[in-house]
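When we follow the working numbering, the leftmost residue of the sequence shown carries the number 105, and every step to the right adds one.
No lab work stands behind these hints, which were simulated from the structure alone. Hints may contain errors.
With a straight-line cut-off of 30 angstroms between C-alpha atoms, the simulated DSS-like cross-links for lysine-lysine are [unchecked claim]:
1) LYS107 with LYS170
2) LYS126 with LYS170
3) LYS151 with LYS224
4) LYS291 with LYS227
5) LYS151 with LYS168
6) LYS224 with LYS195
7) LYS291 with LYS269
8) LYS227 with LYS262
9) LYS224 with LYS269
10) LYS195 with LYS151
11) LYS195 with LYS291
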Amino acid sequence: MLKLPGLIDPHVHVREPGQTHKEDWDTATQAALAGGITMILAMPNTKPPIFDASTLELAFAAAKQKARCDYAQFIGAGPDNAAMAASLADKAAGLKMYLDSTFGELRLDDMALWMPHFEKYPKDFPIVLHSESRTMAAGILFAAIYDRPVHIAHISLKEEVLLIKAARERGIKVTCEVCPHHLFLSKEDIPAISHGHPGRSEV
């Protein structure tokens with residue numbers, strides 16, 4: 105038997121506020137505990153998105169009432185909230201920057217919008233990037249320019265792994281995570297499932 109301490113899931117979509125028909129703090133934390141997870145970090149792409157003091161408090165109020173395990177909440181990077189997000193860093197799990205397609209209102213299409221966040225968000229608090237391939241490479245460049253760590257969410261391609269490996273070998277402060285379905289499924293499985301990244305093969 106393998107004994108582990110309570111685990112932390114750093115990438116959870118609680119969907120509260122706004123989409124509680126999909127998930128809420130009660131169901132998300134119940135599922136976490138059933139899988140041996142004792143702390144979750146919630147993503148900010150809710151409706152409304154968690155991007156300022158009032159929406160962060162809205163998330164915390166729901167979590168305080170419903171959560172069954174420990175939790176923290178990411179704050180989302182928007183086009184004009186860099187100073188606000190930085191001021192809330194000590195209350196948030198980190199800053200989540202959506203650099204590629206996502207659900208919700210937090211996508212940052214222009215690299216000029218990334219700069220204030222990299223400049224203002226405190227370096228001792230994490231920045232997590234939702235990015236793919238080219239935007240991931242640009243995010244790694246920003247990590248090097250601003251000399252700060254970044255974490256890349258749900259990588260899904262071999263080229264992304266190799267780029268992150270090369271960056272780390274050069275001293276760039278980058279880490280990453282992967283979803284189980286990107287490890288164990290390939291494009292041949294797409295017809296049998298309801299979602300996926302068309303054209304992706306195995307990592």
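A quick look at each hint next to the structure:
no., hint, result
1, LYS107 with LYS170, "28 angstroms, holds"
2, LYS126 with LYS170, "15 angstroms, holds"
3, LYS151 with LYS224, "25 angstroms, holds"
4, LYS291 with LYS227, "38 angstroms, violated"
5, LYS151 with LYS168, "19 angstroms, holds"
6, LYS224 with LYS195, "16 angstroms, holds"
7, LYS291 with LYS269, "24 angstroms, holds"
8, LYS227 with LYS262, "29 angstroms, holds"
9, LYS224 with LYS269, "27 angstroms, holds"
10, LYS195 with LYS151, "20 angstroms, holds"
11, LYS195 with LYS291, "40 angstroms, violated"
When held up to the earlier numbered hints, the structure conflicts with 4 and 11 and fits the remainder.
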